[in-house]
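Visitor: What follows is the residue order along each chain.
Number of protein chains: 2
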Amino acid sequence: MAEAVPKTCKVVLADTIAKNLLQEVKDTLEKISNGEQHPCLVAFLANDDPAAIKYAEWSKKTCEENGFAFDLRKVDKEALEEEIMLANDDKKVDGIIVYYPIFPGNPTHDKYIQETVSLHKDVEGLCHKHLYNMYHNVRFLDPPHNLKKSLLPCTPLAVVKILEYLQIYNPILTYGNRLYGKTITVINRSEVNGRPLAALLANDGATVYSVDINGVQLFTRGQGIKSPRHQVHDKEGWGLKECLPISDVIIGGVPSESYKVPIDLIRDGAVCINFSSFRNFDGPAVKEKASIYVPSVGKVTIAVLLRNLVRLVANRPSDAHQQARKEAFTDG
Amino acid sequence: MAEAVPKTCKVVLADTIAKNLLQEVKDTLEKISNGEQHPCLVAFLANDDPAAIKYAEWSKKTCEENGFAFDLRKVDKEALEEEIMLANDDKKVDGIIVYYPIFPGNPTHDKYIQETVSLHKDVEGLCHKHLYNMYHNVRFLDPPHNLKKSLLPCTPLAVVKILEYLQIYNPILTYGNRLYGKTITVINRSEVNGRPLAALLANDGATVYSVDINGVQLFTRGQGIKSPRHQVHDKEGWGLKECLPISDVIIGGVPSESYKVPIDLIRDGAVCINFSSFRNFDGPAVKEKASIYVPSVGKVTIAVLLRNLVRLVANRPSDAHQQARKEAFTDG
Chain F
1 MAEAVPKTCK
11 VVLADTIAKN
21 LLQEVKDTLE
31 KISNGEQHPC
41 LVAFLANDDP
51 AAIKYAEWSK
61 KTCEENGFAF
71 DLRKVDKEAL
81 EEEIMLANDD
91 KKVDGIIVYY
101 PIFPGNPTHD
111 KYIQETVSLH
121 KDVEGLCHKH
131 LYNMYHNVRF
141 LDPPHNLKKS
151 LLPCTPLAVV
161 KILEYLQIYN
171 PILTYGNRLY
181 GKTITVINRS
191 EVNGRPLAAL
201 LANDGATVYS
211 VDINGVQLFT
221 RGQGIKSPRH
231 QVHDKEGWGL
241 KECLPISDVI
251 IGGVPSESYK
261 VPIDLIRDGA
271 VCINFSSFRN
281 FDGPAVKEKA
291 SIYVPSVGKV
301 TIAVLLRNLV
311 RLVANRPSDA
321 HQQARKEAFT
331 DG
Chain B
1 MAEAVPKTCK
11 VVLADTIAKN
21 LLQEVKDTLE
31 KISNGEQHPC
41 LVAFLANDDP
51 AAIKYAEWSK
61 KTCEENGFAF
71 DLRKVDKEAL
81 EEEIMLANDD
91 KKVDGIIVYY
101 PIFPGNPTHD
111 KYIQETVSLH
121 KDVEGLCHKH
131 LYNMYHNVRF
141 LDPPHNLKKS
151 LLPCTPLAVV
161 KILEYLQIYN
171 PILTYGNRLY
181 GKTITVINRS
191 EVNGRPLAAL
201 LANDGATVYS
211 VDINGVQLFT
221 RGQGIKSPRH
231 QVHDKEGWGL
241 KECLPISDVI
251 IGGVPSESYK
261 VPIDLIRDGA
271 VCINFSSFRN
281 FDGPAVKEKA
291 SIYVPSVGKV
301 TIAVLLRNLV
311 RLVANRPSDA
321 HQQARKEAFT
331 DG
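Those protein sequence lines, which keep their order, are chains F and B.
What the first sequence shows, in the numbering used here, is residues 1 to 332, in sequence order.
What the second sequence shows, in the numbering used here, is residues 1 to 332, in sequence order.
Treat the hints as calculated values from the structure; they're not laboratory data.
Simulated pairs of lysine-lysine, PhoX-like, Cα-Cα distance not exceeding 25 Å:
no.: 1; chain 1: F; residue 1: K260; chain 2: F; residue 2: K289
no.: 2; chain 1: F; residue 1: K149; chain 2: F; residue 2: K31
no.: 3; chain 1: B; residue 1: K289; chain 2: B; residue 2: K10
no.: 4; chain 1: F; residue 1: K91; chain 2: F; residue 2: K77
no.: 5; chain 1: B; residue 1: K19; chain 2: B; residue 2: K60
no.: 6; chain 1: F; residue 1: K235; chain 2: B; residue 2: K77
no.: 7; chain 1: B; residue 1: K129; chain 2: F; residue 2: K148
no.: 8; chain 1: F; residue 1: K60; chain 2: F; residue 2: K19
no.: 9; chain 1: B; residue 1: K182; chain 2: B; residue 2: K235
no.: 10; chain 1: B; residue 1: K74; chain 2: F; residue 2: K235
no.: 11; chain 1: B; residue 1: K91; chain 2: B; residue 2: K148
no.: 12; chain 1: F; residue 1: K299; chain 2: F; residue 2: K19
no.: 13; chain 1: F; residue 1: K77; chain 2: B; residue 2: K235
no.: 14; chain 1: F; residue 1: K26; chain 2: F; residue 2: K61
no.: 15; chain 1: F; residue 1: K60; chain 2: F; residue 2: K77
no.: 16; chain 1: F; residue 1: K91; chain 2: B; residue 2: K129
no.: 17; chain 1: F; residue 1: K149; chain 2: B; residue 2: K129
no.: 18; chain 1: F; residue 1: K129; chain 2: B; residue 2: K77
no.: 19; chain 1: B; residue 1: K260; chain 2: B; residue 2: K182
no.: 20; chain 1: B; residue 1: K31; chain 2: B; residue 2: K60
no.: 21; chain 1: B; residue 1: K148; chain 2: F; residue 2: K129
no.: 22; chain 1: B; residue 1: K260; chain 2: B; residue 2: K241
no.: 23; chain 1: F; residue 1: K74; chain 2: F; residue 2: K61
no.: 24; chain 1: F; residue 1: K77; chain 2: B; residue 2: K129
no.: 25; chain 1: F; residue 1: K91; chain 2: F; residue 2: K31
no.: 26; chain 1: F; residue 1: K260; chain 2: F; residue 2: K10
no.: 27; chain 1: B; residue 1: K235; chain 2: F; residue 2: K74
no.: 28; chain 1: B; residue 1: K241; chain 2: B; residue 2: K182
no.: 29; chain 1: F; residue 1: K148; chain 2: F; residue 2: K129
no.: 30; chain 1: F; residue 1: K91; chain 2: F; residue 2: K148
no.: 31; chain 1: F; residue 1: K241; chain 2: F; residue 2: K260
no.: 32; chain 1: F; residue 1: K129; chain 2: B; residue 2: K129
no.: 33; chain 1: B; residue 1: K91; chain 2: F; residue 2: K129
no.: 34; chain 1: B; residue 1: K60; chain 2: B; residue 2: K92
no.: 35; chain 1: B; residue 1: K31; chain 2: B; residue 2: K92
no.: 36; chain 1: B; residue 1: K26; chain 2: B; residue 2: K61
no.: 37; chain 1: B; residue 1: K149; chain 2: F; residue 2: K129
In this text the structure is predicted, and so the values were computed from the model without any measurement.
Only chain F is shown next, with the shape it has when bound in the complex (with noise of 0.2 Å):
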C-alpha cells in the first residue's frame, strides 16, 4: 500500500511574485527607453494613513531598486487637486499615485480627485477611460490603431498576476477565457478593488460571487459582441455560508483587523489569498485546508505599479513631450 501524501498546503510569498513581474518591468522598460533613464513617479500623501505611509516607504525602495525616480509630495488636502493639476503639467512626471481616502466618508470627493488625474500619468488606472475600459473589456485607448493598452487598477491586476502565477488561470485554454470553468468569491466589494477585482475575473471566464455587508452579487461574462461587459445578479439571501463551499478560489480583502473568514466553510484544498493590509485568514487554521495560501500581495501591487508606470511611459503621447524629457533627464 501506498504512503498517503501529506495534507500540505503551499504558502507563496508575494515577494517572489513580485520579482518575476520586476524582471518584466525592467526588460520592457530598456526596450522602450531609448538610453532615457529613470521614469518618474509622483506620489501624493495628503492623510496621515499608516498603511498608506507603508506603502510609500515601499514603492520608494522598490522604485529606486528597479531604476525608477520615486518623489514622495506630502501636501494638505485642501491643496492637493492644484498640486496634482501641476504635476498633469509638469513634463519631468511620469505617473502620479495619490494615496485615498483623502476625504474619509466622502468616497465621491475622492473620486472627483482621482478624476483630476490626467488620463497619461493615471498610473493606477482608477481614471474613468481606465475603469470604463476594464469595465468593458476594451484593452486599448486608441482603437482602431490599438497601440496604447488600457491601464488596469493595480490591486485587482495584481490579484490576477498572482493567479496566472499559481497557474489558476489555465494557459491551455484560449486567452480571455482562462478562467472557465472557476468558481471565486471576493470578500469586498470596493469601487477601487473589490469591484474590478470581480470584474476582472467575471470577464476572464470565472464565476465570481462578490460578497460585501450588503449581500452576494453573482459576476459573469458578457453575452454583447461589442465590447463585451460582465453581468451582475444579485442572489437574494445568499452569505459566505451558500459561496465558500463551492469556490475554488477565495480572496479576501476586508480592511479590518478583527475580520476572519470563516475557514470551517472553506472547502478542501481550496486557493486563498489575501489582499486586505491585515490578515482575513487565521493562519495555521487556513493552512489546514487550503491548497495554496497567499497571506499578502502587496508587493505584485507595487511590482504592478511600476509595470503600469512602464506602460504609460510606452503609451505617452508626442514626440516632442520625448524630447522634453530627454533634455531633463540630460540636466538632473
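Given chain F's structure and the hints, the job is docking chain B onto it.
Guide: Same frame as chain F, now just chain B:
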C-alpha cells in the same frame, strides 16, 4: 407717531422665478436654432424613487410647454451604462439626464455613471470637466476662444438664480463679486448639491458656512490669479448655533422629512430658501422670522435644466452634427 410697519415675510414661489427664466430660454433658443425645432432631452429612470418620478413628470410637462422634446427611458440599473452610451452616440439626442441615486449606499458607483455621460450632452453639469470648471471659477470649455460656456449643476444654479431674483446678488457690485459682504449658511454638503452651491456662492464673494452631520466648513473666495478656487477651512466645534445667528441667508437642503431648521437660531429678517424635496423650514414659524421665504426650488431647477440644454445646443461641436439633426427633424 408713525405707525410701525408690520413685520411681514414675503413668500416667493419658484413658479414666479421659473417663468422669467423660461422666457429667457425661449428667446435664446429662437436666436440659435435657425428654424430648427425641439431639442431633445433624454431622461433615464433606473430607480423607483417617487421624488425622481415626480421630477420626471414635471420635466416632461415643462419641456413640452416650451418647445423641447422629452424622452423618458425606464431602464434596468445594470443596463443603464450601455443605454447611456447609445444615447451619447445618437445624434438625435441633445442632452442626457439621469435620476440619482441608482446604487444607494454606493455613491462612487453613481459617480462612475455620471462620468459615462458625454460632456457634450451633460445637461446636469455633473461631468468632471464641468465640476472642475465650476470649482475653479472657469467659465468656458474652450479657452482661449471662450465660445463654449461651461455648464453648472442644476440645483445649485437654481439657487443662484433665485438669489439673483431676490437681489441678494447686488447688481451694483462688479460681476463675480456680487455676494461680497453676505454671510450664507448652506445645510447640506452633498457632492451634487450642497458642496457645489457653497463653492459657487463663495466664488461670488460670500462667506459661506457649509453644514452637514460631520460639522461645519467655511468656504471663502480663492486668492489665486489663474482660475481662483474657493478656500475651505474646517470650523472645529462649530454647529448651527454658531452659523445661523450670523447668516443673512439660510439655505436648507436636508433630504429628510423629519429634519427642521431650528427657527429660534435664525436672525430676524433673514432670507430662507429650501431646496430639499421635503420642507426643511416649518412654514408658519419661519414666516415670523424671515424677511423672504422660498419654500421650494424644483420648478426653477427644471427651468435651469432647459437653460443648460439650450447651452449644449449652442456649444455643439460640428456642422455635420447640425446637419444630421436638421435631417432628423425633417423626417419626424
